[in-house]
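Peer 1: Sequence:
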Amino acid sequence: MKKRVLAFAAILAFTAGGLAGCGGSKEKGSGSSDPGEIKIWVQFSDETPEGKAWSEIVDNFNDEYAGEYKAVTEYIPRSGSGGGYEDKVNAAVTTNSLPDVITLDGPNTAAYAHSGVIAPLDDYLKDADMDDVLDSIVQQGTYDGKMYAFGFSESNVGVYYNKSLFKDAGITEDQLPTLEDPWTWTEFQAICQKLTDKYKTPAIDMQMASGDEMLTYAYTPFVWSNGGDVVNDDGTKAENYFNDKKSVEALEFLQGLVKKEYTTISPIEKGFETGKYAMLLSGSWTMADLEENYQDIDYGILPYPVSDATGELVSPTGSWQLAMTKKTEKKDASAAFIKFATNTESSRIMSLGNSVLPIRNSTVELIKDDVSEGMKVLIKQNQISGHARPVVVAYPQVSRAFQQAVQDVSYFEENPDVQKVADSRAAEMQQAINTSLK
-4 MKKRVLAFAA
6 ILAFTAGGLA
16 GCGGSKEKGS
26 GSSDPGEIKI
36 WVQFSDETPE
46 GKAWSEIVDN
56 FNDEYAGEYK
66 AVTEYIPRSG
76 SGGGYEDKVN
86 AAVTTNSLPD
96 VITLDGPNTA
106 AYAHSGVIAP
116 LDDYLKDADM
126 DDVLDSIVQQ
136 GTYDGKMYAF
146 GFSESNVGVY
156 YNKSLFKDAG
166 ITEDQLPTLE
176 DPWTWTEFQA
186 ICQKLTDKYK
196 TPAIDMQMAS
206 GDEMLTYAYT
216 PFVWSNGGDV
226 VNDDGTKAEN
236 YFNDKKSVEA
246 LEFLQGLVKK
256 EYTTISPIEK
266 GFETGKYAML
276 LSGSWTMADL
286 EENYQDIDYG
296 ILPYPVSDAT
306 GELVSPTGSW
316 QLAMTKKTEK
326 KDASAAFIKF
336 ATNTESSRIM
346 SLGNSVLPIR
356 NSTVELIKDD
366 VSEGMKVLIK
376 QNQISGHARP
386 VVVAYPQVSR
396 AFQQAVQDVS
406 YFEENPDVQK
416 VADSRAAEMQ
426 QAINTSLK
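Residue numbers for the sequence shown follow the working numbering, so the first one is -4 and each next one is one higher.
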């Protein structure tokens, strides 16, 4: 067990700098010997929209279970580099001082489970209406055939487009893709060519310059759409998967976008938001920024382009989850809270309060008249095509190798041989996986 804890600490040190961190520094919480009181650590501030929605959910739980259980939250915001929260969890793992329930990012499920930090939830979820839960939530929370973590919100990515720029370029409504009939990669490139010719600038900001988790999160769907993969189903093999022909073809597609100048590795900051680029590949969080700071941009959201070979729509998913720590002596109370915080009503509160996607189909129906058209597209795309990132113990290292592969192929003059890049990065992934499983 000690060896696994040390390995977990090394893996967790890699997790800094995820998709987004929460601001603020306020912490709340109190310990208690009350057998019905559980302590929960969360990675955000109580002053954020997420924190306010969370507080409402906790209050509702405490009202529902008054006299039986009580949930107490300690807010431990992540720093801009992704530290803070993870640092405290890491320290608590080594000192055996974790609370009853913790939050964890979706891709880290395997590391937490493999290291014995969190406990399986399956025995407690028999009355949780799991058929109502999105497949992507179950997928990201499952390791070695058991569900260890339950996502309390969801995310997705689409192609934002500037309606005025499209119209002026002669792209009509009937040329736009739908969830039922998305653009193929060839059709997408034809649109990019039209926009590039018209405006003499890249057609889309693919966020290739991000150099962080956004690359793995947003680009793995291209691999999956073409029938490729990053690792095998049980997360033990990257070689012959990431460097398989189908995965390489997806990387070649991405390289082609840079080669043909349809996108750029050095985009203008806020280029889409200021009308410089006609398209932007981004997630649901961009809607809030547009609606608050760039109200002059008339935009819509389109689905992911799909591989010509398969025509399969795949979109990225994943967000933060709740898990019961293995050390807790209050398993019934902890499980009751996790189920409550992920029920239909709690999902409604979190989705509307924090502008995130719901985790249940029943919640989708509940909020469908309360969200924007763009959010409706992402919610539906998530329902029909959402795919969680690879569930692998060495996820941070695997993700970093994936990001570096994307960066490598984007510098096409230095790295014209995509297969060679994939072979090299797959070997890196395999080495990290082998080390993590020792």
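Simulated from the structure, these hints should not be mistaken for lab results.
The C-beta atom is built at its ideal place from N, Cα and C for all residues, glycine as well.
Hints are supplied without guarantee of correctness; some may be wrong.
Stated by the list, open to error - Derived lysine-lysine pairs resembling DSS-like cross-links, with alpha carbons at most 25 Å apart: (1) Lys371 to Lys162; (2) Lys121 to Lys326; (3) Lys255 to Lys162.
What the hints assert, rightly or not - Here are the simulated distance ranges between beta carbons: (4) Thr196 to Glu287: 19 to 27 Å; (5) Thr430 to Asn410: 22 to 30 Å; (6) Asp303 to Thr196: 36 to 44 Å; (7) Ser367 to Glu264: 51 to 59 Å; (8) Glu42 to Gly270: 18 to 26 Å.
Peer 1: Compare the structure with each hint and give your call.
Peer 2: Evaluation of the provided hints:
With a C-alpha separation of about 22 Å, the suggested pair Lys371 and Lys162 falls inside the 25 Å cut-off, and the hint holds. Proximity of Lys121 to Lys326 is assessed by CA-CA distance (about 15 Å); at most 25 Å being required, the pair is judged to hold. A hinted pair counts as satisfied when its Cα atoms are at most 25 Å apart, and Lys255 with Lys162 qualifies at roughly 22 Å. A hinted range of 19 to 27 Å for the beta carbons of Thr196 and Glu287 is consistent with their spacing of about 25 Å.
Checked against the hint of 22 to 30 Å, the C-beta distance between Thr430 and Asn410 comes to roughly 26 Å, which is consistent with it. A beta carbon spacing of about 26 Å between Asp303 and Thr196 contradicts the range 36 to 44 Å that was offered as a hint. Between Ser367 and Glu264, the C-beta spacing of about 25 Å breaks the proposed range 51 to 59 Å. At roughly 33 Å, the beta-carbon separation of Glu42 and Gly270 lies outside the given 18 to 26 Å, and the hint is violated.
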